[in-house]
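Undergrad: If you're matching positions, the sequence shown starts at 189 in this note's numbering and goes up one per residue.
Hint data in this document are derived by calculation from the structure and do not stem from the laboratory.
Mixed in with the good hints, there may be bad ones.
Think about it this way: if two alpha-carbon atoms lie no more than 25 Å apart in a straight line, the pair counts; the simulated DMTMM-like pairs of lysine to aspartate or glutamate are [as the list claims (entries may be wrong)]:
1. 382 to 323
2. 257 to 323
3. 332 to 301
4. 257 to 313
5. 332 to 353
Computed beta-carbon distance windows for the label pairs [claimed, not checked]:
6. 352 to 203: 38 to 48 Å
7. 332 to 390: 21 to 31 Å
8. 447 to 353: 21 to 31 Å
9. 194 to 447: 22 to 32 Å
10. 309 to 343: 16 to 26 Å
11. 299 to 426: 42 to 52 Å
12. 349 to 300: 15 to 25 Å
13. 413 to 353: 26 to 36 Å
14. 386 to 415: 38 to 48 Å
15. 300 to 390: 42 to 52 Å
16. 475 to 208: 11 to 21 Å
17. 352 to 480: 35 to 45 Å
18. 302 to 380: 31 to 41 Å
19. 199 to 467: 38 to 48 Å
Owing to the predicted nature of the structure, the values given are computational and were not obtained by experimental measurement.
The beta-carbon is built from N, C-alpha and C at its ideal position, and this holds for glycine as well.
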Amino acid sequence: MHETLPLLEAIAFPAVRRGRLDTLQLNVGYRCNQSCLHCHVGASPNRTEEMTGDIADLALEFLRRRHVKTLDITGGAPELNRHFRRLVRAARDMGVKVMDRCNLTILEVEGQEDLAEFLAGQQVEIVASLPCYLEDNVNAQRGKGVFEASIRALRKLNALGYGRDGSGLTLNLVYNPQGPSLPPPQAALEADYKRILGGQHGVTFNALYTLANMPIQRFGSTLISHDTFGQYLDLLQHAHQDANLQGVMCRNLISVDWRGTVYDCDFNQMLDLPMTLGARERPHLSDLLDADIENHPIRVAGHCFGCTAGQGSSCGGALKEAAE
189 MHETLPLLEA
199 IAFPAVRRGR
209 LDTLQLNVGY
219 RCNQSCLHCH
229 VGASPNRTEE
239 MTGDIADLAL
249 EFLRRRHVKT
259 LDITGGAPEL
269 NRHFRRLVRA
279 ARDMGVKVMD
289 RCNLTILEVE
299 GQEDLAEFLA
309 GQQVEIVASL
319 PCYLEDNVNA
329 QRGKGVFEAS
339 IRALRKLNAL
349 GYGRDGSGLT
359 LNLVYNPQGP
369 SLPPPQAALE
379 ADYKRILGGQ
389 HGVTFNALYT
399 LANMPIQRFG
409 STLISHDTFG
419 QYLDLLQHAH
429 QDANLQGVMC
439 RNLISVDWRG
449 TVYDCDFNQM
459 LDLPMTLGAR
469 ERPHLSDLLD
479 ADIENHPIRV
489 AGHCFGCTAG
499 QGSSCGGALK
509 EAAE
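With these hints in hand, go ahead and build the complete structure from the sequences.
TA: Right, dumping it as structure tokens:
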């Protein structure tokens, strides 16, 4: 796979500092039942990295001690980690909001037959990847049969109350462009998703998040192979808006990998750019149990323009429309 970090570090990005920490994003492993072209993690069924019980316990202690409001669990397919359900239960018992970054097809994997019922019982917010509402586009990006499996999963979640008004069970979908382009306006695309998924498949959901593809890992390597890496970075840079700097996710979130190493965001994790914390080259979550990181500088590079281009992009979707 082509290395993108040297190219990205050569691109200057405006300085950003941390605000108040409210989200612990925990990557519990890179193993996944899928292998998607746009995946910034480079996840696949062949990955073996997995968070241990000791690091999971440390994450729970961090939630208790720092009074963090949200636990955002991601992967890979996070549900494949054997400590996933224990993490969810313990966090919910503390009153912490839990988000599961779900690829939908995991609901049909052997051993996960009761996953949907578990998530509903714990009132976990589901953030589900569905990069298009058209079957051919989804299958081209994620593999044959993925769209049909995703629709079946969404119907199962709907039957449990997810995505339905008054249920208290939130189901949000995530869109990624098919290639090196910016996502369209979030509100208009959400309306299209709801119209087509509802009319053709009887599926409902709460909101759509639009995310730009990051020029790292598998997608970045593809850009280099097609000699379009520089062109895509130019697109992101020219679409940059300073106003989006105030809403980027790294200001209120830390990302922790399967080993417990701390990063400013999930994208920095995939580039192996750990958070800077004094003299520590690779700060561990245990180092942050009592450390004050508010107003701390955030590590930035060229890929950060993926979060500030156009309407902006983050784990919570478009920044501009969210602010409005």
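Undergrad: If a hint holds in the structure, say so; if it doesn't, say that too.
TA: Against the structure, the hints:
1. 382 to 323: Distance ~15 Å between residue 382 and residue 323 Cα, so the pair holds.
2. 257 to 323: 36 Å, violated
3. 332 to 301: The hint holds at about 21 Å.
4. 257 to 313: 13 Å, holds
5. 332 to 353: The given pair, whose Cα atoms are some 32 Å apart, is violated under the 25 Å limit.
6. 352 to 203: 38 to 48 Å: Taking Cβ atoms as reference, residue 352 and residue 203 lie about 43 Å apart, which means the hint holds.
7. 332 to 390: 21 to 31 Å: 23 Å, holds
8. 447 to 353: 21 to 31 Å: Once the Cβ atoms are compared, 41 Å apart, the range 21 to 31 Å for residue 353 and residue 447 is violated.
9. 194 to 447: 22 to 32 Å: 24 Å, holds
10. 309 to 343: 16 to 26 Å: Distance hint for residue 309, residue 343 holds at roughly 19 Å.
11. 299 to 426: 42 to 52 Å: 47 Å, holds
12. 349 to 300: 15 to 25 Å: 19 Å, holds
13. 413 to 353: 26 to 36 Å: 45 Å, violated
14. 386 to 415: 38 to 48 Å: 40 Å, holds
15. 300 to 390: 42 to 52 Å: Hint violated: Cβ distance 23 Å, outside 42 to 52 Å.
16. 475 to 208: 11 to 21 Å: 19 Å, holds
17. 352 to 480: 35 to 45 Å: Since residue 352 and residue 480 have Cβ atoms about 41 Å apart, the given range 35 to 45 Å holds.
18. 302 to 380: 31 to 41 Å: Holds: the Cβ-Cβ distance is about 33 Å, inside 31 to 41 Å.
19. 199 to 467: 38 to 48 Å: Violated: the Cβ-Cβ distance is about 27 Å, outside 38 to 48 Å.
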